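Asker: Since chain A is already given, all that's left is putting chains P and L on it; use the hints.
Protein chains in written order, with the working numbering: chain A, 925 to 1545; chain P, 16 to 506; chain L, 42 to 153.
Honestly, I wouldn't trust all of these hints.
[What the hints assert, rightly or not] Cut-off 20 Å, straight-line C-alpha distance, at most; resulting in silico cross-link-like pairs (EDC-like, lysine to aspartate or glutamate):
#1 P:Lys-435 x A:Glu-1017
#2 P:Lys-435 x A:Glu-1064
#3 A:Lys-1519 x P:Asp-306
#4 P:Lys-78 x L:Asp-144
#5 A:Lys-1516 x P:Asp-366
#6 A:Lys-1542 x P:Asp-214
#7 P:Lys-374 x A:Glu-1017
#8 A:Lys-1519 x P:Asp-366
#9 P:Lys-165 x L:Asp-144
#10 P:Lys-374 x A:Glu-1014
#11 P:Lys-445 x A:Glu-929
#12 P:Lys-435 x A:Asp-1505
[As the list claims (entries may be wrong)] A few chain P residues that don't get close to chain A, going by computed Cβ distances all over 12 Å:
#13 Phe-35
#14 Tyr-72
#15 Asp-214
#16 Ala-361
Note that these hints are calculated values from the structure, not bench results.
Being a predicted model, the structure only gives us computed values, none of them experimental.
For every residue, glycine included, the Cβ atom is placed at its ideal position computed from N, Cα and C.
Read off the chains here:
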Amino acid sequence: MGTNELLLLVTIPVGIGLINIILPNILKKILTFGGLAYLLSLTIQLYSKANLSLSYKMIFALDQLSWLTVAFIQLLGLIILIYSLKSMDEVNERSYFVLFPLTLAFCNGAVLSANSIVLMIFWGLSGISLYLFGVMGRSESASQSARKTFLIVGGSDVFLILGFVLLRFINTNSGWALWNSEVSFNANFSYLAFFSILIAAFAKAGGFPLHTWVPDFSKDAPVEGVAFLPASLDKLLGIYLLARMVMSLFILHIYLQMMLLTLGALTVIFAVMMALLQHNGKKLLGYHAVSQVGYMIMGVGLGGMLAANGQVAAGGIIAFIGGLFHLLNNTIYKTSLFLIMGSVEKKAGTCDLDKLGGLGTKMPITFMFAMISALAISGIPPFNGFYSKWLIYQGIINVLKDLSVGFQIWGLLCLILAIFGSALTLASFMKFLHAIFLGKRQAIHNNITEAPTFQLIANGILAIICVIFGIVAIRIPIMKLINPVLNIKPEWSIAAPTLFGTYFPELFSFLVILPFILGLIVFLILIKKKRVRMDTNYIGGQEPVEKFRISGTGFYNEIRDMAPLKFFYMWADKKFFDIYDILRGISLFFAKLFKALHTGQLQFYCLWILIGMMVLLKIVK
Amino acid sequence: MILPYFIIIPLLAAFLITLFSREKDYWSITVSTIASATMLVLSIVCFITLKGETFIYNLSGWKIPFTICLVRDSLSCFMIVIIQLISFTSLLFSVNYIRHISSSWKYYSLFMFLVAGMNGVVSTGDIFNLFVFMEIALFAAYALVSYGGKAFEFEAAFKYAVIGSISSTLILVGIGITYSATSSLTLAHIAQVLPQKPDILVWVGVLFLVGFGIKAAIMPFHAWLPDAHSSAPAPISSMLSGVLIKALGIYVLIRLFFNVFGAPPVFMNIFMVLGAASIIIASFLAIGQWDMKRLLAYSSISQIGFILLALGISTKLAILGAVFHIFNHAIFKSLLFYNAGSIEMAIGTRDLREMGNLKSVLPVTYSTSLIGTLSVSGLPPFNGFFSKLIIIVACVQAGYITYATIAIIGSLLTLAYFLKVQRYAFHGDKLFDVSEKSIGGGMKFAMLFLALLCVVTGVLLIPALRQSMLDPIVDTIFNKTEYIKLVLGSL
Amino acid sequence: MILYILCFILLLVGLYGVLTKKDLIKIILSLSIMGYAANLFLILFAYKNDAIFPILSESAVQEAMVDPLPQALVLTSIVIELGITAMLVALAVRLYQKYKTFDITKIRSLSG
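Just chain A, with the same shape it has in the complex (with noise of 0.2 Å):
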């Protein structure tokens, strides 16, 4: 029965979302759950099989790294349709149904295929699943936003396209099988084909340059689907792949590892600096989900590192498992924060973080759960983005060791920009934070109330393993689910634990805790038994207007102001840093060009025609 199983996690979904277009809405909500569920307990059951290496008729094939990734998958995608069972409208929530479990099932068919044909095509219909959920979005900037999501990550499908059939002939012997072809770069093209494939998986996975979709994306599109495309599936599938082209498509030398460390640092700063001046809650975190993708790259694109004495660098191998690590950590809190939003912007009607604040006291277990997101995506012990991060850092710092010292300082600075980076990340959630749940709440938001259960439980469920994998994050995570991916490389697997340092995460949770502990004891019995007095603020006397509420939005204005920051928001405000803007303005400029020949004037036409028949005759002659 083996070999059916990997049909089944494609076939099921298809079938599903086939059937709900014509179910009425409970059944589809049961249908669909019940299916999922199915699925994630049918994808557990393959983990000890997952070394068996299962396959079907060359077309899908289950190894450690696709179960990894599709268990992740079927996990979030459950999660996220507890959130969503009771949080569409009317009208997209017919379609949302539908679209909901083709998604899943393309993304699982893309990690699962073993033919590169097979992965093409899963890979570019997840592409326009993710065009149909922007499109679901009614205003006039989400149909823009949805253009170009579907323009960058559908048109990064050809370059996918141009790199596997590269590959296909740099590589002859493995005909259009998958995974074990190992290209090193003293072939013909095969630069061309590692890039191609590059520029797909960043822009599936929102690297620099081709992250702009993202926010844009986050902003118009409806919630539930951001949290499951760009926030966790697409994160999955372009790394995923970068890890694929890392262990078993390519052997990278060192420039090009260093290129991907830039890159990733990059993304990273690039992002963040955006992020703190973000208005709108959902683009801010839609910054961040690129920002967070610069460690994976960082750390995934390590992998493999030779050190000085010709062996794979134990550096490379942390930090190939702190990007996986982080991978995993990112989707769970991305989506996690995204569903908050979302559950916020469902109850305030709005996610302008100027128009938000004081919701704190009104959706407490919200405001529990978005701390614990936020804090976990800051990297703050003992949530798991601790740890993941710090797994990254080492990494390169170890990989940096055995380098000359061109490379150590590159490094360094790449190192810099990153943990520069996580600091603003807790800055820019301080804002975050303080302008939904804290300040002072503006009158119109004072009925709101606690989000749905079944938002509520999705949100639980995400916080709870973002605690979990922070505090056993060696013992679970790593171990458990990571640690056997680097079976597919023999030579990669290491006695991972004797190389993680002396960080021993239970302990550091409970020394981080404890305080904290102490801290509710003594709140308890000695501050709450006094009495606390609550008055208005007293502004010389004058009633309290709007404009004197500290929304915390503008935490960060005065850095657009600094000296070399300027320039890089003014730019960034014009768009120069954004490639799709780029393109747009070359093709347009091209098409005026052109446009201009067409005068319209019949005998120029006739004059094209006579002189293309005299070159002709001349090429030929």
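Answerer: Below, chains P and L without anything else, positioned relative to chain A:
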């Protein structure tokens, strides 16, 4: 004796329509639909029963080379199937669409002439006869382009007719030179003699390349196309873009340059260069358009570029890609023109800036055009993906990485301008007070049918089907000199 | 040979007309001239010196005859050109009604 019917039936239908039509258009609709449906069935029978063989029909008691002959091989049958398919759906689409311009039997009669001309071109084995049929088709096309009776339609038709007659003159001179060198007009005979005379071959080659290149709208010779194809009524646009440029342009180029001239390398290189230029330049032009149909017309030029590029590579795989892309392009381009037509009929404009949010009022048009868009942009699992994939694989396989990259960029640009259509026509927040009921059932059926074909024709690549359907066509094109033997051998 | 050159010049005259004349009718005439030149080419290809017309009859002596086929072609081609010219003239009339001009450089509503 199945082949002559493809010429007789439409001519007869045109005659009957002209003879018996009254003010109401019921008679002409009935006759033309019956004729078209019959031909569609016949063409499929014709294609399926062929089994890779070649049949000759002499049109008089004399023998080749003294008579005109019709040649039924897989390539011509394949083209006939495409022509019947698109003309049948276009007719269904026309029934409601043309009534909104003017209901007259003249349209259906001209339509039948167009079909007769194209069928003649693809089935004849005689170069002058091909010329005559081509002129029949073009004559009908000029008239149909100007059918709407607006100023710009006459302008487009006039330009089309002038450039068309220049190309016809060039072709006629080419035929003259060919005849003086070979003393024959039968293609198979010419193919026997001409490749031995490289001097003449070069002249004839250039004349035919330019002459038929104008019909196929290859890049420097394309200027008539965006005017004519955007001005014609939508079903005619889809006939012109979907099949006319292929039957009169690409098909003849294939027949002449592969089967008759034996694929001389210098022309193959020219094919590739012109193809690549068409892909890129036409895509840029399309991005700058706001007129939906004009955008589609430029897109046709760029897709023809893909076909030409693949033909120029002229490996077996590349030709498979070209043949498949001919088929696919006919389907999705016609579909997209139908979409443009139904939008034009619903809200009375072709300007993208005046549209918006049509997905809520025209759901069938929206969903089919989405399929068409994804298909033309080469996204899986639609048919355009597979043909483009094959073309790119063929480029890489033959070592033309640059051309592969150009094809990739062309594909990206295609996605760009079709997303522009999607974004401005179907999304956004404008409100229109129309409903899809104003669009007739025939139009909806035509769109849905072609959209369905976009989804399913990818299965033609499944090895079993490919071997029986597409491979014989590729063999016909690829075995350059085999054609002579087949035609002359089956005397 | 001189005949061929003259014929080619006739073709160029037609081409010159199409490329330079602004008047719709003159363009149509130039196209016709090009067509005549092409037809003349065909006749010239078939022509033999001192040959007679290609009609077989009992009484006629078997001599060298000109090739009859191109003449048949030319007849067909003339008919086609007639049709196309009629079409063009009809379009020109309608264009004049719509644009109130015969100047092709002013009839440019379609461009870009």
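Asker: Just double-check P:Ala-361 for me: nearest Cβ-Cβ distance to chain A has to come out over 12 Å.
Answerer: The claim stands: P:Ala-361 keeps its Cβ more than 12 Å from every Cβ of chain A (closest is about 19 Å).
Asker: Is it true that the CA of P:Lys-78 sits at most 20 Å from the CA of L:Asp-144?
Answerer: Given that 20 Å is the threshold and the Cα spacing comes to 51 Å, the pair is violated.
Asker: Is P:Lys-435 close enough to A:Glu-1064, meaning Cα to Cα at most 20 Å?
Answerer: 13 Å, holds
Asker: Is the hinted pair P:Lys-445 and A:Glu-929 satisfied, with a Cα-Cα distance of at most 20 Å?
Answerer: At roughly 47 Å apart (the allowed maximum being 20 Å), A:Glu-929 and P:Lys-445 break the hint.
Asker: Is A:Lys-1519 close enough to P:Asp-366, meaning Cα to Cα at most 20 Å?
Answerer: With a Cα-Cα distance of about 17 Å, the restraint between A:Lys-1519 and P:Asp-366 holds, given a limit of 20 Å.
Asker: Going by Cβ atoms, does P:Asp-214 stay more than 12 Å from chain A at every point?
Answerer: Its Cβ does come within 12 Å of chain A, the nearest being 10 Å, so this is violated.
Asker: For a C-alpha distance cap of 20 Å, please report whether P:Lys-374 and A:Glu-1014 respect it.
Answerer: 17 Å, holds
Asker: Given the hint that P:Lys-165 pairs with L:Asp-144, test it: the Cα-Cα distance must not exceed 20 Å.
Answerer: Satisfied, since the Cα-Cα distance of roughly 18 Å is no more than 20 Å.
Asker: Just to be careful, I want the Cα atoms of P:Lys-374 and A:Glu-1017 compared with a cutoff of 20 Å; is the pair within it?
Answerer: 16 Å, holds
Asker: For the pair supplied as a hint, A:Lys-1516 and P:Asp-366, is the alpha-carbon distance within the 20 Å limit?
Answerer: 18 Å, holds
Asker: Is the Cα-Cα distance between P:Lys-435 and A:Glu-1017 20 Å or less?
Answerer: Violated - the C-alpha atoms of A:Glu-1017 and P:Lys-435 are around 26 Å apart, more than 20 Å.
Asker: Is it true that the CA of A:Lys-1542 sits at most 20 Å from the CA of P:Asp-214?
Answerer: Status holds; Cα separation ~13 Å.
Comparing the model with each numbered hint stated earlier shows that hints 1, 4, 11 and 15 do not hold.
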